[in-house]
Amino acid sequence: MFEIAAIVIVLGAILVLYRALKGPRVYDRALAVNIIGTKTVILLALIGFIYERPHFLDIALVYALINFIATIAFLKYMETGGLD
Amino acid sequence: MSFVITALIMFIFWILLSGEFSFILILSGVFSSLLVSYMSHDLLIGEGNIKLGIKRTFRFIRYLPWLFWQIVMANLDLVYRTLHPKMPIHPKIIKFKNDLNTDLGMVILANSITLTPGTITIEVNENEFIVHTLSEESAQSLISGEMQARVKKIEGKYNV
Amino acid sequence: MDIQAIITGILLALGCFFIVVSSIGIVRFPDFYSRMHPAGKSDTLGQLLVLSGLMIYEGFSLVSVKLLIIIVFIFIANPTVTHALAKAAYVSGLKPWKKEEGKND
Amino acid sequence: MKEHIIVRVIASILIPFIQLYALYVIAHGEIGPGGGFQGGVIFSASIILYVLAFGMEEARSRISQKMSDLLSSTGALIFAIIGLLCILAGGSYLEYDQLPLGTPKLASHLGIYGIEIGIGITVAAVLITIFFEMAGRKDD
Numbered sequence: 038m039f040e041i042a043a044i045v046i047v048l049g050a051i052l053v054l055y056r057a058l059k060g061p062r063v064y065d066r067a068l069a070v071n072i073i074g075t076k077t078v079i080l081l082a083l084i085g086f087i088y089e090r091p092h093f094l095d096i097a098l099v100y101a102l103i104n105f106i107a108t109i110a111f112l113k114y115m116e117t118g119g120l121d
Numbered sequence: 405m406s407f408v409i410t411a412l413i414m415f416i417f418w419i420l421l422s423g424e425f426s427f428i429l430i431l432s433g434v435f436s437s438l439l440v441s442y443m444s445h446d447l448l449i450g451e452g453n454i455k456l457g458i459k460r461t462f463r464f465i466r467y468l469p470w471l472f473w474q475i476v477m478a479n480l481d482l483v484y485r486t487l488h489p490k491m492p493i494h495p496k497i498i499k500f501k502n503d504l505n506t507d508l509g510m511v512i513l514a515n516s517i518t519l520t521p522g523t524i525t526i527e528v529n530e531n532e533f534i535v536h537t538l539s540e541e542s543a544q545s546l547i548s549g550e551m552q553a554r555v556k557k558i559e560g561k562y563n564v
Numbered sequence: 833m834d835i836q837a838i839i840t841g842i843l844l845a846l847g848c849f850f851i852v853v854s855s856i857g858i859v860r861f862p863d864f865y866s867r868m869h870p871a872g873k874s875d876t877l878g879q880l881l882v883l884s885g886l887m888i889y890e891g892f893s894l895v896s897v898k899l900l901i902i903i904v905f906i907f908i909a910n911p912t913v914t915h916a917l918a919k920a921a922y923v924s925g926l927k928p929w930k931k932e933e934g935k936n937d
Numbered sequence: 056m057k058e059h060i061i062v063r064v065i066a067s068i069l070i071p072f073i074q075l076y077a078l079y080v081i082a083h084g085e086i087g088p089g090g091g092f093q094g095g096v097i098f099s100a101s102i103i104l105y106v107l108a109f110g111m112e113e114a115r116s117r118i119s120q121k122m123s124d125l126l127s128s129t130g131a132l133i134f135a136i137i138g139l140l141c142i143l144a145g146g147s148y149l150e151y152d153q154l155p156l157g158t159p160k161l162a163s164h165l166g167i168y169g170i171e172i173g174i175g176i177t178v179a180a181v182l183i184t185i186f187f188e189m190a191g192r193k194d195d
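Residue numbers (the numbering used here), protein chains in the order written: chain A, 38 to 121; chain B, 405 to 564; chain C, 833 to 937; chain D, 56 to 195.
The following block holds chain A by itself, in its conformation from the complex (with noise of 0.2 Å):
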């Protein structure tokens, strides 16, 4: 059951990465990788289920965080040109 469900959001995943690497624009890129780690987060929480080591779970926790605060720090950049 979780193989399925983990098989479809790699598939979902792949999907998107089309639309990162066609664009056209660079914030569509960014949308798509946004997305793509989203999905990497849920991946992960079902791995940890697959091969039943919930300390995956922790590692999910830090990819949602790192995810988010790469994206803000990326658009920031493309909006001021600098980080501070």
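Hints were generated in silico from the structure; no laboratory data involved.
A virtual CB, placed ideally from N, CA and C, is assigned to each residue, including glycine.
Just so you know, nobody snuck in bad clues.
Stretch by stretch, here's where chain D covers chain B in the computed footprint (C-beta under 8 Å, at least three residues):
no. : region
1   : 420-431
2   : 436-444
3   : 502-514
For this one, chain A is given, so just place chains B, C and D on it according to the hints.
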């Protein structure tokens, strides 16, 4: 005051994360929550106009079921529009007046708008909301201001 | 089959459905602003459904509390990121697509 | 991002939780994934989020240059002192179970814990310094 509350919230969060009750870990939990609340107690409880209060928190929790229902409706609508072969979307940008007094209220309304039927918040400032809508109906329902009224109820009367 | 596993299966299936539809939407929609709609909504609901499915499978334990923390975190962070992206694009002067004018992207 | 109300409010709500999570990762280095390095990185990520949302001056008023320099050397000092204590107690460098703290098991437990804290402080302080230096530089 905000120091104590932050430390308590942080310690509860620590227990939830850790789930270990050995002496060393509990001690480091106490120490960590004191450290965090020393560093950033003014951030979570907030000074001035992003203030969280007990009453506001309860009113916010009462708001959640309605929001969740709206999110489900939004997604069914979006699924229909995505999978329909002709893609019946009429995107446009609308502006409406911002009646809210607190920053927190604006944030709640903006994120609720982003999560619900065919609408995305583009810009928030003191005077107005700029929103991108996907269809005519969602634009109408937003202009009618039901959601704003509900968020205003969370804010309460006093203007902090 | 116990009832817990069935509920988990249903929630996982629904969540995967929303996630796939949001992916299709991101590929299909004509311009940046309309692509944000599936990104901001379906993905949030999809993760909510999948992770709460896992929570029900696990029962009440620390693992499910951690899953709840992830759900709340994504629930706060995802609309914020969507809004920040929309604002950045709007400030940079990107015009939204209109049905009558045809494609400009 | 002065005009970004949403990012500012959400960041100020999330930052304390991120910091506590970083400390949790440092403290559970032995029994979970993570440890000093990872915890330090997460902690510095919270400071980076603060800079992104509130600007450099605000962040500098919370953590001065002096403070981060001091912390980065304090962490290394903790590491070195624990190592040297092990030598003084009759073992080799970082041989924790020689420390005179009850049983050898408890001693190695506490030794590793101290090392993780030292590493965490150093990593967080150094990453914060790197970020401040890089973000403060303007394009020439």
